[in-house]
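Just need the whole structure built from these sequences, with the hints factored in.
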Amino acid sequence: MRCQHCDKPAVVHEVLIKNGKRTEVHLCETHAAEAGVPVTLHQPINQLLSQLVNVSPAGAKASPAKAQPTCSTCGLTFAQFRNSGILGCPDCYDIFEQNLGPLIEKAHAGAVSHTGKVPQRAGGNLDLQLLRQRLVRELDEAVAAEQYERAARLRDRLLTLPESGCSPATGIGEIEGA
Numbered sequence: 001m002r003c004q005h006c007d008k009p010a011v012v013h014e015v016l017i018k019n020g021k022r023t024e025v026h027l028c029e030t031h032a033a034e035a036g037v038p039v040t041l042h043q044p045i046n047q048l049l050s051q052l053v054n055v056s057p058a059g060a061k062a063s064p065a066k067a068q069p070t071c072s073t074c075g076l077t078f079a080q081f082r083n084s085g086i087l088g089c090p091d092c093y094d095i096f097e098q099n100l101g102p103l104i105e106k107a108h109a110g111a112v113s114h115t116g117k118v119p120q121r122a123g124g125n126l127d128l129q130l131l132r133q134r135l136v137r138e139l140d141e142a143v144a145a146e147q148y149e150r151a152a153r154l155r156d157r158l159l160t161l162p163e164s165g166c167s168p169a170t171g172i173g174e175i176e177g178a
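Numbering-wise, the sequence shown is residues 1 to 178 according to our numbering.
Just so you know, the hints here were simulated from the structure itself, not pulled from any lab data.
These figures come from a predicted structure and were not determined experimentally.
Note that beta-carbon positions come from the ideal geometry of N, C-alpha and C, so glycine has one too.
Hints may contain errors.
Claimed, not checked - Taking CB as the label site, the calculated pair distances span:
id, residue 1, residue 2, range
1, 69, 22, 42 to 50 Å
2, 84, 24, 36 to 44 Å
3, 80, 130, 53 to 61 Å
4, 147, 73, 42 to 50 Å
Printed below as a string of structure tokens:
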């Protein structure tokens, strides 16, 4: 895509809907700044990894002899991942989960869950998963606020959710009064 005002590559793409009419706006970095649209470009993963290597937690001492997690499937260490930026196998995501979480969050500007389109055939399971996450979050909040009756209702609702699949009875808006 090219900027609407010049021929530079567009870095900002907006879809505006006013009164049912859809319009698309494509702007280069310069024209986006002029229009007051904040432009935050994502950092490459290699740059994020090098920043992670250089930053250690406050009060922590660097320990070269510290045992690094190693993937039991492919044998990759986290140090090797930092150098290459490539994971060896699907199991690496589980093995390096603690180390990858902050990297992924930073690379995606704080978003750690999928925010894009979902195939229609997967929508039911996703709705159920989102409902379950929301109920757990509300349950934690209710317990923290010492609203035990509400917490009990939320717990009971969680226990009635099916393990997989989604039926109309588990719609997300269903428990608003809970």
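Evaluation of the provided hints:
1. The supplied range of 42 to 50 Å is met by residue 69 and residue 22, whose beta-carbon atoms lie about 48 Å from each other.
2. Look at residue 84 against residue 24: about 38 Å separates their beta carbons, and that is inside 36 to 44 Å.
3. Checking the proposed 53 to 61 Å range against residue 80 and residue 130 shows it is violated: the Cβ atoms sit about 35 Å from each other.
4. With their beta carbons about 45 Å apart, residue 147 and residue 73 fall inside the hinted range of 42 to 50 Å.
Of the numbered hints listed earlier, the single one contradicted by the structure is hint 3.
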